[in-house]
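Peer 1: Each chain, letter by letter, is given below.
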Amino acid sequence: MYQVPDVHLLTFLPFVAVVLTGLVTMVLSAFGTEEQQARLPRIGLLGLAVSGIALLLAGTARTNSSFGGMLNMDGTAVWFHIVFLITTALTVALAADHFKDLGAEHREIYALLLFACMGMMLMAAAGNLVVLFIGLETMSVALYIMAAMGGRRQESSNEAALKYLLLGAFATGFLVYGMALLYGATGSLAVATISDTVAAGSAHVGYLAIGLALLTIGLGFKVALVPFHMWAPDVYEGSPTVVTAFMAVGPKLAGFAAMWRILHDAALPAQQQWMPVLAVLAVVTMLVGNLAALTQTNIKRLLAYSSIAHAGYIALGVMAGNQTGLQGVLYYAATYAFLSLAAFTVVLIANGDTNEQLHIDELRGLGKRAPLAAASLTVALVGMAGIPPLSGFLGKYLLFSAAVQSGHVAVAAIGVLCSVISVYYYFRLIVLMYMQPPVEGAQQIEITGYTKCALVATLVGTIILSLPIGWPIVLMAGWCAV
Amino acid sequence: MPSGAEPYLFLSAALFAIGLYGVFTRKNAVGVLMSLELLLNAVNINLVAFSRTVDRGVDLVRLGGTEVGGVALGVSGQVLAIMVISVAAAEAAVGLAIVISIYRTFRHITVDDLDLLRW
Chain A
5 MYQVPDVHLL
15 TFLPFVAVVL
25 TGLVTMVLSA
35 FGTEEQQARL
45 PRIGLLGLAV
55 SGIALLLAGT
65 ARTNSSFGGM
75 LNMDGTAVWF
85 HIVFLITTAL
95 TVALAADHFK
105 DLGAEHREIY
115 ALLLFACMGM
125 MLMAAAGNLV
135 VLFIGLETMS
145 VALYIMAAMG
155 GRRQESSNEA
165 ALKYLLLGAF
175 ATGFLVYGMA
185 LLYGATGSLA
195 VATISDTVAA
205 GSAHVGYLAI
215 GLALLTIGLG
225 FKVALVPFHM
235 WAPDVYEGSP
245 TVVTAFMAVG
255 PKLAGFAAMW
265 RILHDAALPA
275 QQQWMPVLAV
285 LAVVTMLVGN
295 LAALTQTNIK
305 RLLAYSSIAH
315 AGYIALGVMA
325 GNQTGLQGVL
335 YYAATYAFLS
345 LAAFTVVLIA
355 NGDTNEQLHI
365 DELRGLGKRA
375 PLAAASLTVA
385 LVGMAGIPPL
395 SGFLGKYLLF
405 SAAVQSGHVA
415 VAAIGVLCSV
425 ISVYYYFRLI
435 VLMYMQPPVE
445 GAQQIEITGY
455 TKCALVATLV
465 GTIILSLPIG
475 WPIVLMAGWC
485 AV
Chain B
661 MPSGAEPYLF
671 LSAALFAIGL
681 YGVFTRKNAV
691 GVLMSLELLL
701 NAVNINLVAF
711 SRTVDRGVDL
721 VRLGGTEVGG
731 VALGVSGQVL
741 AIMVISVAAA
751 EAAVGLAIVI
761 SIYRTFRHIT
771 VDDLDLLRW
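Quick mapping for you: the protein sequence lines, in order, are chains A and B. The opening residue of the first sequence carries number 5 in the working numbering; numbering runs sequentially from there. The opening residue of the second sequence carries number 661 in the working numbering; numbering runs sequentially from there.
Some clues are possibly wrong.
Estimated spans, in silico, between C-beta atoms of each pair [what the hints assert, rightly or not]: (1) B:I742 / A:Q327: 11 to 21 Å; (2) A:V11 / B:V690: 24 to 34 Å; (3) B:R764 / A:A53: 34 to 44 Å; (4) B:A749 / A:G205: 50 to 60 Å; (5) B:G691 / A:V31: 50 to 60 Å; (6) A:L421 / B:I760: 41 to 51 Å; (7) A:L27 / B:A673: 16 to 26 Å; (8) A:L471 / B:K687: 53 to 63 Å; (9) A:L471 / B:I742: 20 to 30 Å; (10) A:T37 / B:K687: 39 to 49 Å; (11) A:I468 / B:P667: 32 to 42 Å; (12) B:A757 / A:I57: 48 to 58 Å; (13) A:Q277 / B:G691: 48 to 58 Å; (14) A:K104 / B:A757: 21 to 31 Å.
Computed from the model, here is a short list of chain A residues facing chain B with C-beta under 10 Å [unchecked claim]: (15) L13; (16) F16; (17) V20; (18) N132; (19) V145; (20) T190; (21) S192; (22) A213; (23) T455; (24) C457.
What the simulated footprint calls covered on chain B by chain A, stretch by stretch (three residues with Cβ under 8 Å from a Cβ of chain A suffice, anywhere in the stretch; the number is not a length) [said to hold, decoys possible]: (25) 674-688; (26) 697-703; (27) 764-772.
Calculated from the structure, these hints are not laboratory results. The C-beta atom is built at its ideal place from N, Cα and C for all residues, glycine as well.
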């Protein structure tokens, strides 16, 4: 009756590599010998590398759709996959150093990270809302568990995990409700068919509008757009810093990939309906994120609000929904991933293994105590503030010009204003690191092993994206956006 | 255009509203989890109703199937409903595990009293 749908194994290989590695690490973390368990991070990194190679093959093959359109491995998906793989690899490296002295149950983090990575990849490559939903939940459930892996700081970590789970599941409710109404409006869950139906004007107007609104709320929770952001600072503060580093980058960017798949790929013909809503959300997010960050004294909370502000900038690109917008989203995703991971790596280093809450005063004199870490944090903060030579500037430029092209000049102006505000709280940290004496009794910090590799990798990534040799990457983002 | 799914939509919306009410008013973490399950199950009714009424199986036709005049063929809504059920189970498992862990550390599971982190 029905043909077996086309399966292009090549497009599917990156997922298989990550999942298989995840399963292997999971089994080893439960039944492996001490020796095997010590090798878990390396196994994880190997799997991610294999997936990356498979991804390059898939990218060059350009056989976009697989499983009858369920997977859509276009340039956007490949780009996001690369970002997710790098993010996961760096987090695995951080976990290798900072989770190694904790109890045996903490070794499950490698499997969970890999599963979360696979979920994010599915979200970015979803050609069907069912796939998007499964990807989102694979990612979320893994994250709920990781948030609870507090080690010596079990109390606040538990609390963070519960808050994350309750609000995450709440958001999922809205998201699926939105999917159901979109299904009711168009009679299909396939992105391509939804798009055709909406373009032909045969979609039920009411269901479509409410469905898109609910989907925006659901994804707004996941990427922490104001007013759906209230979970983010608490969860970021309470979770172990390694997990926070992952959380602030991966799921947020995956949320934007999903948002692009739904709002742009499926519902572009209805852009007039969602564009104003997203514009308002983006403006409020940029303002609240940046203003709230001004008064924070805990560095993890400060970075949480800063990540909310960055979600506002990226939302501008999604809102514009045009070529420049996508290029901006892709470029900013890579930029933000490196900058944010660099910042959290330094937080981990400055924290030591005590897992204490880091007050920003503890950064005092870091320039003397750990020059490399201080330099990295400086690069990360200057980049996030969007100061010209660094990649953050180019990313913001693309996003703001996309907003202008879509006719939202005022929105772009507010964005620029918010970037200026952000300079204050970013530079406050730099001043603390270099112009204040260290706290009494503070010792030199030595950075070793995986952490050092991760730190250098984020620095190199940022510099490559910033230099003129990074501009071909901008062009590549443009090519991926086609 | 009425599609025949409207009564189910009202039922589903009512259940969803009850779930929302529960999420906001329950103080016990297990109660909140139950309300969250209600949210997801409300949506399942929606999905199944739409699957019966509006899904003409366009996606199956795209894959090489044939449409049988006017009869609703598509099942993608039901597939998503099954996925939602399994995900809800996974989420409940993780949720209850976290609640147990919370109970071991705090000796209570009242959501409002968890205020180590500024909410």
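Peer 1: Look at each hint and say if it fits the structure.
Peer 2: Hints, one by one, checked against the model:
no., hint, result
1, B:I742 / A:Q327: 11 to 21 Å, "violated (38 Å)"
2, A:V11 / B:V690: 24 to 34 Å, "violated (43 Å)"
3, B:R764 / A:A53: 34 to 44 Å, "holds (39 Å)"
4, B:A749 / A:G205: 50 to 60 Å, "violated (39 Å)"
5, B:G691 / A:V31: 50 to 60 Å, "violated (36 Å)"
6, A:L421 / B:I760: 41 to 51 Å, "holds (47 Å)"
7, A:L27 / B:A673: 16 to 26 Å, "violated (40 Å)"
8, A:L471 / B:K687: 53 to 63 Å, "holds (55 Å)"
9, A:L471 / B:I742: 20 to 30 Å, "violated (50 Å)"
10, A:T37 / B:K687: 39 to 49 Å, "holds (46 Å)"
11, A:I468 / B:P667: 32 to 42 Å, "violated (58 Å)"
12, B:A757 / A:I57: 48 to 58 Å, "violated (36 Å)"
13, A:Q277 / B:G691: 48 to 58 Å, "violated (36 Å)"
14, A:K104 / B:A757: 21 to 31 Å, "holds (24 Å)"
15, L13, "violated (18 Å)"
16, F16, "violated (17 Å)"
17, V20, "violated (20 Å)"
18, N132, "holds (8 Å)"
19, V145, "holds (5 Å)"
20, T190, "holds (8 Å)"
21, S192, "holds (5 Å)"
22, A213, "violated (15 Å)"
23, T455, "violated (26 Å)"
24, C457, "violated (31 Å)"
25, 674-688, "holds (count 3)"
26, 697-703, "holds (count 4)"
27, 764-772, "holds (count 3)"
In summary, the numbered hints that this structure violates are 1, 2, 4, 5, 7, 9, 11, 12, 13, 15, 16, 17, 22, 23 and 24.
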